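**Student:** Letter by letter, the chains look like this.
Number of protein chains: 2
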Amino acid sequence: MPKIVDHDKQREWVAEAALRVIQKGGLEKATVRNIAEEAGLSVGSMRHYFSSQAELLAFCMNLIIERIEKRLTSLSLKGPVFSDMKLVLMQFLPMDEDRTMEMEVWMSFVAKALIYPELRKINDEMYDGLTKACHFVIDSLVTHKLAKPELDLEYEKERIYALVDGLAIHHIMRPQQLTQDKIEKIIDQHLQSLCIDELIMP
Amino acid sequence: MPKIVDHDKQREWVAEAALRVIQKGGLEKATVRNIAEEAGLSVGSMRHYFSSQAELLAFCMNLIIERIEKRLTSLSLKGPVFSDMKLVLMQFLPMDEDRTMEMEVWMSFVAKALIYPELRKINDEMYDGLTKACHFVIDSLVTHKLAKPELDLEYEKERIYALVDGLAIHHIMRPQQLTQDKIEKIIDQHLQSLCIDELIMP
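So the protein sequences, as listed, match chains H and Y. According to full-length UniProt numbering, the first sequence holds residues 1 to 202 in order. According to full-length UniProt numbering, the second sequence holds residues 1 to 202 in order.
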């Protein structure tokens, strides 16, 4: 009887091994040989799963995007809106091991995408995903009449997105200086600064 | 008569060639061979200037730090304070070719510094330099009685630094989406949000 292997599951297994290799050694260490070793597979078998390194990398980055989406859809947002929006933003910040790993791998990827145009598409997808989440946060504050009426919404969306990414990068660069507690406080105070005073919780 | 070569000038020449190589091809292309070719020197002569690739990389990053410092010290800050502080922050944003190049090379370097602890020291130097500049901006607003009295200064310093770096990264990733005009407006409005209302210029 032939061995039945779930092809999709196996691709995911390989991609997860690749993510660990990238986190430990950067993208330059993400060779077929290293990834096969980490996945416990033979080098020869790798071509069954990915025909090129570019395909494997794209799959890895998609895996990260999927993980974030999964985290977002499984959030139980049951109000108050202010806390819910804070919770949404925190999904993009390196507050646990998984999110730190995602962020570190993504940083390597962004640096590479600046140079290789073929990687831009997936980088743009991540950018668009995060932009959408930031729009959702600001729009929710408006819909629920929490936002100050004088806010320039377009500007606030760009500002909050830049803030989230800047905090994420600073935390992985200097976790002792910009601690997770500080990040949470900064996000909290930033959201408060966008809201009508009377509606802010103590 | 022996040929007289200014050793320091030559090191700088090599480092500038290295920066161009990194910008075009990422850090993985920053090999002795490629840099020698870009600098118009023989591979053999390179060891006169740098004994290792790590030394060359550290020198390159120092070059970027020096450039930024030079730009900062040559700024003519003659008030109003609000515009001066905006000008200081804009030095860290990719508003011209030089600053864009610095930022792109730095991104590659940060991704690498996450993996190689020996590169952390110089990464920390840049971090400290930018932190200091952000402290200077917030402290100046306070000294000149422009800042809202209720500001949490420690938090504002981290927030403005994260904002500046986030904007810089988003601009080099998606220059058409986050334009230089938008960046300038965001920095302007952010600074305004920190200041007492009556003191804001129209």
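Since the hints were derived computationally from the structure, they do not count as laboratory data. Nothing here was measured: the structure is a model prediction, and the numbers come from that model. Hints may contain errors.
Pairs count within a copy or across copies, as identical chains cannot be separated in the list.
[Stated by the list, open to error] The list that follows gives simulated cross-link-like pairs (lysine to aspartate or glutamate, EDC-like), each with its CA atoms no further than 16 Å apart: (1) Lys86 <-> Glu184; (2) Lys185 <-> Asp152; (3) Lys157 <-> Glu184; (4) Lys185 <-> Asp6; (5) Lys182 <-> Asp152.
**Student:** Each hint should be assessed against the structure and marked as holding or not.
**Tutor:** Here is what the structure says about each hint:
When the C-alpha separation of Lys86 and Glu184 is checked against a cutoff of 16 Å, the pair qualifies only within one copy, where the shortest distance is 9 Å, while the shortest distance between copies is 26 Å. In this assembly of identical chains, the alpha carbons of Lys185 and Asp152 lie at most 16 Å apart only when taken from different copies (11 Å versus 23 Å within one copy). When the C-alpha separation of Lys157 and Glu184 is checked against a cutoff of 16 Å, the pair qualifies only between copies, where the shortest distance is 15 Å, while the shortest distance within a copy is 18 Å. In the homo-oligomer, the alpha carbons of Lys185 and Asp6 never lie at most 16 Å apart, since the shortest distance is 44 Å inside one protomer and 52 Å across protomers.
When the C-alpha separation of Lys182 and Asp152 is checked against a cutoff of 16 Å, the pair qualifies only between copies, where the shortest distance is 12 Å, while the shortest distance within a copy is 26 Å.
The earlier numbered hint that this structure contradicts is number 4, and it is the only one.
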